[in-house]
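Work the whole structure out from these sequences, hints included.
Numbering of the sequence shown is given in the working numbering, commencing with residue -7 and proceeding in unit increments.
Note that these hints are calculated values from the structure, not bench results. You can take every hint at face value.
Computed Cβ-Cβ distance ranges for the label pairs, DEER-style:
1) Ala136 with Thr12: 19 to 29 Å
2) Gln123 with Leu157: 31 to 41 Å
3) Gly20 with Leu151: 19 to 29 Å
4) Thr12 with Phe98: 23 to 33 Å
5) Pro35 with Thr101: 22 to 32 Å
6) Thr186 with Val147: 37 to 47 Å
7) Gly175 with Leu150: 18 to 28 Å
8) Arg96 with Gly187: 40 to 50 Å
9) Thr93 with Gly187: 45 to 55 Å
10) Thr130 with Val92: 34 to 44 Å
Note that CB positions come from ideal geometry on N, CA and C, so glycine has one too.
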Amino acid sequence: MRWLVAGGVAAAVQMIAFVTVAGHTRPGYDPNRNWISQLSLGPGGLLNDLNLALCGVWLVLCAIGLRRVTAARLILLCGVCLMALAVLRTDPGIGYPPGVTPVRTFVGTAHQLVSVVLGVAGTAAAALLGQAIGRRRTGLVVAAVMAVSFVAGSVLVLLDAGGVLPGAPSGLLERVALFAGFGWIGLVSATLATGPDRSPEGAATAAPATSSDLGSEFPAAS
-7 MRWLVAGGVA
3 AAVQMIAFVT
13 VAGHTRPGYD
23 PNRNWISQLS
33 LGPGGLLNDL
43 NLALCGVWLV
53 LCAIGLRRVT
63 AARLILLCGV
73 CLMALAVLRT
83 DPGIGYPPGV
93 TPVRTFVGTA
103 HQLVSVVLGV
113 AGTAAAALLG
123 QAIGRRRTGL
133 VVAAVMAVSF
143 VAGSVLVLLD
153 AGGVLPGAPS
163 GLLERVALFA
173 GFGWIGLVSA
183 TLATGPDRSP
193 EGAATAAPAT
203 SSDLGSEFPA
213 AS
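Next up, the structure:
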């Protein structure tokens, strides 16, 4: 089942690459200000919907492959959230799409709620994933970076939308949180997919033989 774990690597590479390219080539879109979900609006929006949905599928496959890892259910939840965000598009606002009046809809509100769940689940997953490869502290650091960036970005986007701080770099902070989370998932997934089996079964198989084991195989000479 190790090939399923590689889904985490695929999700990380795809999300980071797509968001970076689309964010810098979409007319009227400011990657420092606008959020990733807003790439689903305007021309080419369908491509971001497909990106979110496919990355969600990759994470679900990764979670299945990591079923013995503590963070597996959280990664599964992240995958489901991404697929939901592909269907529940965000509302226009903070300058994108250009010339479109900001609106507030039920679907957009549902999108924001799912985004919060994704942020919390992703941060918790990052904190727990370090245990799977013996890097618990690194996982906690990544989780801290994600939490601070996500909360700060959320505050800035509210100030931007309210006209208090126009052009605030909330999109940049969202990218820091998202890229840190996906990058960490990708790194842990690659380590588990290519390294020795770290599951309880694998550890038991790889455990060195004890003196009692050797004695049972080679009886003492009389």
